[in-house]
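**Student:** Generate coordinates for the entire structure from the input sequences, incorporating the hints supplied.
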Amino acid sequence: MDSLTIIAVASIVIAGITTGFGTMGPAFAEGRAVATALTALAQQPDASATITRTLFVGLAMIESTAIYCFVVSMILIFANPFWNQAMALAAGK
Amino acid sequence: MHLSPDEIVFWQVGFFKLNATIAYTWGLMLLLTVGAKLITRKLSTDHTRSRWQNLLEIVVTGIEQQIADVGLRHPRQYIGFLGTLFLFVAMAALCTVIPGYEPPTGSLSTTAALALCVMVAVPLFGIEDQGLGGYLKSYLKPTAIMLPFNLISEISRTLALAVRLFGNMMSGAMIIGILLSITPFIFPIVMTVLGLLTGMVQAYIFSILAAVYIAAATHVRRPKPESEPEPVSDIQTSTQK
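If you're matching them up, the sequences are chains A and B in order. With numbering that gives the first Met the number 0, letter number 15 in the first sequence gets 14, and the count goes up by one each step, no holes. With numbering that gives the first Met the number 0, letter number 46 in the second sequence gets 45, and the count goes up by one each step, no holes.
Derived by calculation from the structure, the hints in this document are not laboratory data. On a predicted model such as this, the values are computed, not experimentally measured, just so you know. There's no promise every hint is true.
Every beta carbon over 12 Å from chain B, so not counted as near; a handful from chain A, in silico [said to hold, decoys possible]: (1) SER2; (2) LEU3; (3) ILE5; (4) ILE6; (5) VAL8; (6) SER10; (7) VAL12; (8) MET23; (9) GLN42; (10) MET60; (11) SER63; (12) ALA65; (13) TYR67; (14) ALA89.
Facing chain A, a subset of chain B residues (Cβ under 7 Å, in silico) [stated by the list, open to error]: (15) LEU2; (16) ARG163; (17) GLY166; (18) SER170; (19) ILE204; (20) ILE207.
Note that beta-carbon positions come from the ideal geometry of N, C-alpha and C, so glycine has one too.
**Tutor:** Now the structure itself:
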């Protein structure tokens, strides 16, 4: 395998692993957050406005960790700096 | 497939290039400014008023109410900054219904600029509220050992704001692009609707987080203790963790 193939394989595999494992934690966390919020809503329907707003802000903050992983894997696939450098080197040869 | 609207270049002369991000940002600014000017040109205070004035009043009072809910005492003082952030990000997401349009918030440059605005505005509002010394002292708040961590949190939350908005808007456009090549007809439309929803939620999150940061910077010292300190709103305690 030449270096281009190694870079391509490593980037694709790591991108998949990053998104797969990186969304696992936020998925659990969002499930817990929604379940707790539903319990709170059932107990106190009067406070629904506050609970819903806090839930949305909290969900977005939890979700942002998954988004970071997604951004990293997108960069690895579509804008990989190592790949670009290897291509430039190969073209210069 | 492109990662951000930065890569679409309309016009280029030497170093200066006009890419889609700049063009659509100026388009949005023009739309918002001209729209607001046209609506507020003839305001009425009696019972008959135009539907556009009603719309604008709903938007302004809604934003004001949300800012007040976060715990800022005088929402009018901050609505110029926070309202602009919300309206820009929300319009950038809403205009995706126009064909050929790319949200400028799908570029990391735009979101980094917005996050830097928040990073600069928070100390300014804090200094305005409690003076330079008082604000700087808030960095030593629990103990002086926390100073580096407070400084790191300033930077990391700016980074988080920028990457969160960028990632959400970019992923929406990216998923639609990928789906268009797999299932061309119905499914991309559903994802576009979902993208509209996440765009509105992200606009809300962005401005609410900015409001929470400003509230944290201005609430440390209360100017004159009234009867009793009001309870800190739960949105603040939940996001400060």
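**Student:** Does each hint fit the structure? Answer for all of them.
**Tutor:** Verification of the supplied hints:
The Cβ of SER2 (chain A) lies farther than 12 Å from every Cβ of chain B, with a closest approach of about 24 Å, so its non-interface assignment holds. At roughly 20 Å from the closest C-beta of chain B, the C-beta of LEU3 (chain A) stays outside 12 Å, upholding its exclusion from the interface. Listed as a non-interface residue, ILE5 (chain A) keeps its Cβ farther than 12 Å from every Cβ of chain B; the least gap is roughly 23 Å. Here ILE6 (chain A) stays apart from chain B, with its beta-carbon at least about 18 Å from theirs, past the 12 Å limit.
Interface exclusion of VAL8 (chain A) from chain B stands, the closest Cβ pair being 20 Å apart, more than 12 Å. Residue-level check passed: SER10 (chain A) sits 14 Å from the nearest beta carbon of chain B, beyond 12 Å. Distance check for VAL12 (chain A) against chain B: the nearest CB is about 19 Å away, which clears 12 Å, and the non-interface claim stands. With a least beta-carbon separation of about 17 Å from chain B, MET23 (chain A) lies farther than 12 Å from that chain, consistent with its non-interface assignment.
A cut-off of 12 Å between C-beta atoms confirms that GLN42 (chain A) is not in contact with chain B; the least separation is 15 Å. For MET60 (chain A), the non-interface assignment is contradicted: its Cβ lies about 7 Å from the closest Cβ of chain B, within the 12 Å cut-off. With a least beta-carbon separation of about 4 Å from chain B, SER63 (chain A) fails to lie farther than 12 Å from that chain, contradicting its non-interface assignment. Interface exclusion of ALA65 (chain A) from chain B breaks down, the closest Cβ pair being 9 Å apart, not more than 12 Å.
For TYR67 (chain A), the condition that its CB be more than 12 Å from all CB atoms of chain B is violated, with the nearest at approximately 6 Å. Listed as a non-interface residue, ALA89 (chain A) keeps its Cβ farther than 12 Å from every Cβ of chain B; the least gap is roughly 22 Å. Checking LEU2 (chain B) against chain A: minimum C-beta separation of about 5 Å stays under 7 Å; hint holds. This hint holds: ARG163 (chain B) has a C-beta 4 Å from the nearest C-beta of chain A, less than the 7 Å allowed.
The interface hint given for GLY166 (chain B) is met, as the beta carbon of that residue sits about 4 Å from the closest beta carbon of chain A, less than 7 Å. Residue-level restraint check for SER170 (chain B) holds (minimum Cβ-Cβ distance to chain A is 6 Å; threshold 7 Å). Given the 7 Å rule on beta carbons, the hint for ILE204 (chain B) holds: about 4 Å separates it from the nearest Cβ of chain A. Interface hint status for ILE207 (chain B): upheld, as the beta-carbon distance to the closest one in chain A is roughly 6 Å, under 7 Å.
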